[in-house]
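Participant: Each of the two chains sits in its own frame; use the hints to bring them together as a complex.
Here the protein sequences come in this chain order: A and B.
Numbering follows the working numbering, in which position 504 of the first sequence is assigned residue number 504; successive positions increment by one, without gaps.
Numbering follows the working numbering, in which position 310 of the second sequence is assigned residue number 310; successive positions increment by one, without gaps.
Hints are computed from structural coordinates only; laboratory data are not their basis.
Mixed in with the good hints, there may be bad ones.
Each computed DSS-like pair below joins lysine-lysine, with the alpha-carbon atoms no more than 30 Å apart [stated by the list, open to error]: (1) A/Lys-189 <-> A/Lys-285; (2) A/Lys-389 <-> A/Lys-123; (3) B/Lys-7 <-> A/Lys-39; (4) A/Lys-25 <-> B/Lys-46; (5) A/Lys-360 <-> A/Lys-189; (6) A/Lys-189 <-> B/Lys-304; (7) B/Lys-92 <-> B/Lys-7; (8) A/Lys-603 <-> B/Lys-304; (9) A/Lys-60 <-> B/Lys-275.
Some, not all, of what chain A presents toward chain B, calculated at C-beta under 10 Å [what the hints assert, rightly or not]: (10) Lys-25; (11) Asn-54; (12) Ser-83; (13) Arg-85.
This one's a predicted model, so the numbers in the text were calculated from it and none came from an experiment.
For each residue, glycine too, the CB sits at the ideal point set by N, CA and C.
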Amino acid sequence: MARVLTTCIYCGCGCGLYLESDNGKVVGSYPSGNHPVSKGGLCVKGWNAYEVVNKIDRLKTPLLKTNGAFKEVSWDQALDFVSTRLTEIKEKFGPDSLGFLGSAKATNEENFLMMKLARAVFKTNNIDHCARLCHASTVVGLKAAFGSGAMTNSINEFEDADLFLVTGSDTTEQHPLIGSRIINAVNDKGAVLIVVDPRKIELAKYATIHIQQDNGTDVAWINGMMNLIINEGWFDQEYIEQRTENFEQLRKVVQTYTPQYVEKVAGIPSGLLVRAAKLYATTKKAMIVYAMGITQHTTGVDNVKSLANLAMLTGHVGFASTGVNPLRGQNNVQGACDVGALPNVFSGYQDVTDASVRDKFENIWKVNNLPANTGLTVTEMFKKALEGKLKGLYIMGENPVISDPDSNNVRKAIENLDLLVIHEMFLSDTAQYADLVLPAVSFAEKDGTFTNTERRIERIRRVIKPVGNAKADWEIICEVAQRCGYKGMDYSHPSEIMDEIAKLTPIYGGVSYDRLDPFGLQWPCPSQDHPGTVFLHKDRFTKGKGTFIPCPYLPANELPDDEYTFILSTGRIYWHWHTGTMTRRTSTLDREVPAAYVEIHPKDAERLQLKNGEQVRVSSRRGHIEIHIMITEKVKEGSVFIPFHFREAAANVLTNPAVDPTAKIPEFKVCAVKIDKLKT
Amino acid sequence: MREMLLKKQDVKDLCLRASDEWETYVPLEEMGGDVQLVRVDANEKKASLDKLNLDYERLVISPKVIGFPQLEYLFEFADGRITDLARAPTKKLLFGLRACDLKAMLFVDEFFGRNFEDIYYLNRSIEKLNVLVGCKRPLRDCFCTSAKTGPFLPVRYEPGRGRASDFDLQMVDIDSAYLVEIGSRKGQEFIDSFQEFFEEASKQDVEHSATAKKAAEDAVGLKLDFEKAIQNFCEDKIPESIYEPIAERCIYCGGCLYVCPTCTCFNVFDEKQGKLGIRCRNWDACVFQGYTREASGHNPRQEKWIRTARRYEHKLKYDYLTTGMSGCVGCGRCLSSCPVNIGISQVIEKAQNI
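One chain only, chain B, in its complex shape (with noise of 0.2 Å):
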């Protein structure tokens, strides 16, 4: 296994030839300059490519709606007969995905099935080739860095396995072309099948990619101390008072979590009229007063701050003792998407001082 060369005006063709093998999704420019990871349309294949665009910013929504969609439709029911609304497995493609947001996807696939096999998103997300392409242009409220996921992964092996990285394929620009390399078995039966757009990078490319690398890591400028922060956290060191501020500004939107890519919680309703229901699941925020009411009206966690405590003492403490992996991945979204611009990071670099 060595690294590959794919130039740049492939990249469209490929998508559109692998597309017809795999459930294909890749960053698409929107009418309004946002980038999500969209499914190629089926029907209008090379249309959609035209919008392809790998040098975005941040996808608004993270890749975690590809297997947990903001509303679902589970099963109906009507008469004691249900009917199961459960996807069939699908084999997916997700090309162009940024290394923070592989993590995070990766760190949800494990939850969906660690208790209980949430088949909903299981066999939405279950057979994936995960190709991502590194970030350039970091953005100034990342810190990828700080938290060990980007802009690039390294590669892993695995004794008696072999490669076992965390992308299948990772891409790496370098103007000329981007330096693919290969992450697992089946990154290379990829590039195997696809062979005609793929050729041996040299040794100038790999140097190439590797200051490519080093560039993009320098660029996140923001750097916490993450460990010491998480160490805080689990040593149950924070106090109340830095909850406070943050609890009293907050506007309860939600966005923060609905936009964290690691955020999983939903609420489950039913939609009846006369015998006929669907059970559906939607998104839900554990900042909301709702989300922890009892049935009798006492809520355990009445007080906003006590709510805006638990969100960030799950990413940063709970997270981290029970996967041994931090909730945040420090893609930023949390505070480019919040409109009084209060973001995890603020919390990170205040525990980090304690």
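Okay, chain A solo, but in the shape it has when bound (with noise of 0.2 Å):
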């Protein structure tokens, strides 16, 4: 019997718990009472995180397609194939046919020398990851604004805040202990809630505001609150002069967001968001909460840069209990984008078109000519595949078949290239497509550390040895680059991969294992002896001074017509995760909610003559599905949501692949369907 500290794998919460092994296996998982975001409890997927490890489909052995089917072979045999298949892409087509998928799962370490790969190795940087998909808004907008595009404070300060302005996040079911923090404030310490969100989420009942916007409608209803705070004279003038620039040029542009405009884009009643504006403007310690379904669209970086610019106005950024808070959706997406798990940047934000920054990674890689131009997007990978453009797809541990949008498009991408390669503990349905299967270990195999959503990098720990041959990510790794002649990738343990990111980044930079012990540093941790930051631009902005980039509104790329007539959103439910392939094989929730459905409007269901329950076609203009409907005031009439787990009636399917221009992120948040009753 054993037992670790470690932290779970599912949300960015980034919660504290024990795992407890017996004869090998793990049986146990159980909260950590002194952990600072989870002080004692968990959610039910925490609660039930130790029962994916020992599934009896893990993947035990490479696996390489032959003739159209797998076929069990050597760890000498895979390495050898993916080294010499990569390496003839490479030399026959270009570093840049070549595309790498670090993974929002998988551990700081892993993602960092999923970067050092794809760049030092095959020197492309056409390296991404799943945060292209949730939060790649919110690292521009933010970076853009305040100079940091990452949560800028922490969890345990929601607890004094005054007022939580929560949009687009559904945080009891997406981040449970972030959103049990917002009841109790709310019930118990009398702190104010809006929420502005079309659907009638949990929260909602807690609301002292609950505005139902339409879907899409963002930056109009932000404009609008700001405008209204400027001409009451609700804004912080002091901090304005003191700690902003540009503010004439948001006057400009908000001035014309009245109430009357906002509520005819919006569908906002002109006196909530009089009341929503006030109440936010006024009250000291406000935090705005938020999540995908502000990142979502292809105005995603708008509609963040949009919150930055209203929380500036009144004040709201650099104290404690205040702030811009985007959740971070996976338990490492911050840190795969910290470490650099994307195509402009190294890790620690470090820009791949600076000479210099170039020069300081090239020395201690030992290397010469790293890429400067920008890479790829994981959305942009697809494309140039379907365009025979890209030829060979690295991915560690992620599902684009079930997770992209457009998913009949994403497969047929995937279908014509010459080599797929993935790390999987299941054969999940995008692994069915690959050419070669690597088998990774779970969380409780192997050592390294997750940074959570208020930017804490915490451990994880090993408590059992790998199941069957299966290896760690970052063993995987190593060798590939040993086997393609690279000699820089030699670690015996990640606390040494750890130690090389400290040394390439600032943020990082005090950053090392031993002082990772129990729960973790948050960063900026720019030196040995530095404690750690609880909450970003405490009298300055990073960046210096905070920037006003304020936005037109622009409506969403598509919206319904006499076709298709319904707005569809799609998103996560409490009691599953993302793809499934872990939460799916976990039987008290599987078991809890074992399909898919799709939430409805009492009055459409009527309109349309279905019962609550009946199978339905869902269609959109890439595609169709057949899921159940639930009958649900939770929508808003002609709107309906579908969670994007099922791989038997997958959401995806349906969704948009149009994306933001700069952050390229897909508008999984609104796309136009119809629902047709299926003939009995």
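Facilitator: In structure tokens, the structure reads:
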């Protein structure tokens, strides 16, 4: 029997849990009583995180596709295959014919190595990961406004906030241990809650004001609020003068966003907007909390910048219990971004186009000619694969066939590749398309770190030996690099990789494993004697002065018409995780919600003569699925919602691959669909 | 049988020696500061005992986990052959239990043998020697004095059997040493076989222990009228309205049931691949919809508040009617593990005032 303190694998809360093993199998997960985030609690997924580790269908040996069927091969054969094929493609078609996907589920060390493999060994910046699909807009938007693309404040500060403006975050479902802080602050401490969300989410029942804007109209209502705040004099003149720039420009842009205009465009009664604007602007400790409802739009970056504008206008950044707080989705999506699994930056958001940065990395990595051009994003990689320009794709544990928009097209793109290599724990839908599947270990079988949504770099710790012949992602990458003739990836433990990250990455400069026991450090942590940072932008913004970047409202890319009459948005639910590869293998979770459903308003159901639970066909311009309906007032009339966890009724068959022009994030939150009764 | 003394500096050595004979479980402090009742590692006995902590506030997970792990593999099946995976029974020494946890464990022991002998549980917990260490600093959410489960338990006698207390040995911290009360013949035998660690306590030591017990009792701040609450539950006087706000606020993590030292519900599922299968069971929780949903999809407890009501009625009514003991021992874990601060003490408080 053994027990280790480790970090949960699901959402960005980064809760602390103990994993227990018995006879080499993981048999329990328990909360950590003293953990700064979870404080003795866990959500249902954390409580059940033990089960997926020892599933009987875990991949235990490399699988090579021969004549259309997988055959078990040795690690030697597998590694030879991958290094030979990647090298061949690079030599024949050039480095940029290869693409690499890190993973927001893997550790910081592994994502760092994945980007090192892409850049140092294969000389391409075509490295990205699923942050593209969730918070790419945040990274771009907040970096432009504040100089840092991360959550400004910390989870413990929720307890002392006097007001929350929660928008586009179904917090109790997606980040349960943050949602619970909000519930407690509102119910027990009298904090004010403003929810701006088209759906009647769980938190709406605690809200002083719930604004149900039309999907995809966020810039309009945020500009509308700012216009009111400026006109009524509720803004913070001194803060604006001392700490920001470009205010006049903002004033000009937002002045046309009158309450009447916002009511027309976004469907928000003007009285509600006025009340919400006044409450937010005039409450001192006011936190903005947001997630995918803001970011997953073709205007995702504009949405984020607008929230940043709103917070600066009212002096709500740089103090405890304030700020602009993106809740990062995956356990390590913050970290995977931090360590540079992105096509435009190395670790610590250091630009690949900056020659002095490349020099620094070339010296430490002992390589020449690191690529200087910005690489391809996930969404662009599939486009290039369809065009036949991307030939090889190396994926670490992602499942784009279910997670990416317009999945029929993703399948076509993947089929068009000459080579697909994937690290996986299970034979996922994407793995089935692979030429080579490399069995990867779970979080219980390796050491490493995850960085949670509040920038806390936390340890995961090994409690059992690898299942079968599976290996840790970092070990696999090192072996691939070595077989490709690169000598600079020879580590005996992930702590050595973290030492290299610290050397190259100013915001992680003071991080080393001996400092991470028990509950980690929050970056920026630039030096060994730095205690870490609870909230950002104290006294000055990371970039100096905060910049107002006003954005005009633009409608969503695809809106309902005569044929496709409903607006579809997609998202997660409490009981499941993303493409379901883990939660659908977890008995308690899959029992609770065993099948996909589409939420539809009672009036729409009545009009279409649909009964609760009935199977319907939902179609968009890109494809169709069959799914049963759940009649609920949670959605507005004319809108439907589908969770994207279910492969048998995959929401992403329907979604629109149109992307934000800078962040390249797809518009998961708005597309047009129709609903047809099935003929009986 | 008299009270004995155990010097504090001898406790580790005693555990070390005992672990040669017994499968020994002791409270060890883990990284992160939590204390768990952990089996002394046979290979690293000394090192693991360095983390011994008898002054702990509360084990996050109750000792029920020793007999009833969160996930257990019951048997394997392949081609019609079944291989049972039940553990062989072992002699276990549970050293450093709190009184409330022991009361709960006895409750669970009884449950798993009541109608059907659950060998998976019983084999793991069949022969136990229970050594209590009374609570010195009760937490503010504990209410053992109201539930009559602690912080210390009385020595009990049974006609013809002599001492037959719930505990085998009970240790009282009297600063200079532990005063050890003997609760059973088994406890006496343990003392006899490790007699070099014990000496007879003086009258002053015994007086000192009485003072220490009283101080611990007084330190339990939360006082509830447990009997009145149970009576009101048994007489069906509890209005539905008390469950609704709880159900509204609950985030359905299941934590209060997982940590509850008397919760015994499990789900059974099979792991299958090809012809091979493993039957497993894991902790379940009655607040989940899937717990009562029927094959047709109909759920007799569809509404949240009904599931909530059932949980409290089970603990405070049905358990009492079946066993004469409440299913709540006042350990306070449900509250301390709840992300939205719901605890059974709040329900008891409302129920007693009806």
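Participant: Which earlier hints can't be squared with this structure?
Facilitator: 3, 5, 12, 13
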